[in-house]
Amino acid sequence: MSTRAFMIAAVGATLLAVIAGAYVVGSPSEARRRTFDDRRYQELAMLAGTLLCTSDKTTVLPVALTTESLRSYCGARNLQPPAFLDDETGEPYKYTRKSEEDYSICAKFHDAHRVARLSSSSPNTRWAFEPASGCITGRIR
Amino acid sequence: MDAKDPLVQFVREALLAGKSRAEIQSVLQASGWSSKEADSALAAYSDVPFIPPVPRPRLRLTARDAFVYLLLFTALGISAWQLIWLIFSILNLVLPDPVDYAYVERQSADQIRWGIASLVVSVPAFVAMTLYTDRKIAQDAGHQRSLVRNWLTYLALFVSALSFLGVAVYVIYSFLKGEITLRFILKAATVALVSAGIFVFYLRGLEDFRDEH
Chain A
1 MSTRAFMIAA VGATLLAVIA GAYVVGSPSE ARRRTFDDRR YQELAMLAGT LLCTSDKTTV
61 LPVALTTESL RSYCGARNLQ PPAFLDDETG EPYKYTRKSE EDYSICAKFH DAHRVARLSS
121 SSPNTRWAFE PASGCITGRI R
Chain B
1001 MDAKDPLVQF VREALLAGKS RAEIQSVLQA SGWSSKEADS ALAAYSDVPF IPPVPRPRLR
1061 LTARDAFVYL LLFTALGISA WQLIWLIFSI LNLVLPDPVD YAYVERQSAD QIRWGIASLV
1121 VSVPAFVAMT LYTDRKIAQD AGHQRSLVRN WLTYLALFVS ALSFLGVAVY VIYSFLKGEI
1181 TLRFILKAAT VALVSAGIFV FYLRGLEDFR DEH
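For the protein sequence lines, the chains are A and B, in the order given.
In this text, residue positions in the first sequence follow my numbering: the first is 1, and each later residue adds one.
In this text, residue positions in the second sequence follow my numbering: the first is 1001, and each later residue adds one.
Treat the hints as calculated values from the structure; they're not laboratory data.
Check before you lean on any hint, since a few could be wrong.
[Claimed, not checked] Computed spacing ranges between beta-carbons, pair by pair:
| hint | chain 1 | residue 1 | chain 2 | residue 2 | range |
| --- | --- | --- | --- | --- | --- |
| 1 | B | Ile1180 | A | Asn78 | 51 to 61 Å |
| 2 | A | Arg139 | B | Leu1165 | 47 to 57 Å |
| 3 | A | Ser27 | B | Leu1162 | 47 to 57 Å |
[As the list claims (entries may be wrong)] In silico negatives: residues of chain A with every beta carbon more than 10 Å from chain B:
| hint | residue |
| --- | --- |
| 4 | Ala10 |
| 5 | Thr14 |
| 6 | Asp38 |
| 7 | Asp56 |
| 8 | Thr58 |
| 9 | Arg71 |
| 10 | Glu88 |
| 11 | Pro92 |
| 12 | Ser99 |
| 13 | His110 |
| 14 | Ile140 |
[As the list claims (entries may be wrong)] Reference listing, derived: stretches of chain A covered by chain B, where coverage requires no fewer than 3 residues with Cβ under 8 Å from a Cβ of chain B:
| hint | segment |
| --- | --- |
| 15 | 21-29 |
| 16 | 113-119 |
For every residue, glycine included, the Cβ atom is placed at its ideal position computed from N, Cα and C.
Make a model of the complete structure from these sequences and hints.
This is the structure:
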């Protein structure tokens, strides 16, 4: 095999693979949107996890999610709560207290179905993510 | 062979004394040296009718060669590795397998980005270094007798042969485990093609070098 033939084969194979890879993985702006979606999901999950902080059977869900209300709810003065704001839009995640024990926390996702598909390997028994609404709904007890 | 080797020194003195190569070969074998050892010692000097004996060109070791060839072979290694991983990751996304864990999709997308980024840098570096060394060798054949080049060429042959054998073992193992899918076959073919391409190219290079010397 001559150097020229090897170089043509190597460069050709690389170009094909790079073009196919770029096509499959999408544009950089799409990658950025996916990163924000992944972060949204992680932050919603962390908020849902924080709401499981109490084992006191008389505790009821806070009316609103703030640092102070979560510290009071968890009974931990030094609690560092997860993010309440969406990093991309700057808007707060939408928390709804449905009852003393039931809640939902929602965000606007670009592709919530992808997020749900990728997170399906780690199901949680106390809360669930609904891709149609972009919400995590849960129960604290 | 080392010029300070007593055997090489003996050959030099015998040639200086006007003994023929056949005579030297015969006396060495009669003294217990193997035919190959005697040939190797005689090969230290060119077969030209000239006294004193003319040493054959030997492999050389220079800092410049070390820099050039380490860069070239590192670029080759990164390019081959990343090309294989890029194709693996594309196949993971294009041909998903029900046994995949959910993280495979995210991981593959990230590997594709790393693969593209690495190849965009390493392949031009490899091509540029290969063309540069070829041009230098065309200008002066002495550049071909680089010790580093020789060692790294054998290392490339070793790694590509090992990859090829590793794939063969894994294909048999996967077949026995019932995991032969189209995606798996394409991945195995990718490793086999890349390693075989590198192996054949560098083996031919070594054979050409041996023929010329």
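Okay, the hints, checked on the actual structure:
{"no.": "1", "hint": "Ile1180/B with Asn78/A: 51 to 61 Å", "verdict": "holds, 56 Å"}
{"no.": "2", "hint": "Arg139/A with Leu1165/B: 47 to 57 Å", "verdict": "holds, 56 Å"}
{"no.": "3", "hint": "Ser27/A with Leu1162/B: 47 to 57 Å", "verdict": "violated, 38 Å"}
{"no.": "4", "hint": "Ala10", "verdict": "violated, 7 Å"}
{"no.": "5", "hint": "Thr14", "verdict": "violated, 5 Å"}
{"no.": "6", "hint": "Asp38", "verdict": "violated, 8 Å"}
{"no.": "7", "hint": "Asp56", "verdict": "holds, 34 Å"}
{"no.": "8", "hint": "Thr58", "verdict": "holds, 37 Å"}
{"no.": "9", "hint": "Arg71", "verdict": "holds, 33 Å"}
{"no.": "10", "hint": "Glu88", "verdict": "holds, 18 Å"}
{"no.": "11", "hint": "Pro92", "verdict": "holds, 26 Å"}
{"no.": "12", "hint": "Ser99", "verdict": "holds, 31 Å"}
{"no.": "13", "hint": "His110", "verdict": "holds, 15 Å"}
{"no.": "14", "hint": "Ile140", "verdict": "holds, 26 Å"}
{"no.": "15", "hint": "21-29", "verdict": "holds (count 4)"}
{"no.": "16", "hint": "113-119", "verdict": "holds (count 3)"}
Hint check: violations occur at hints 3, 4, 5 and 6; the rest are consistent with the structure.
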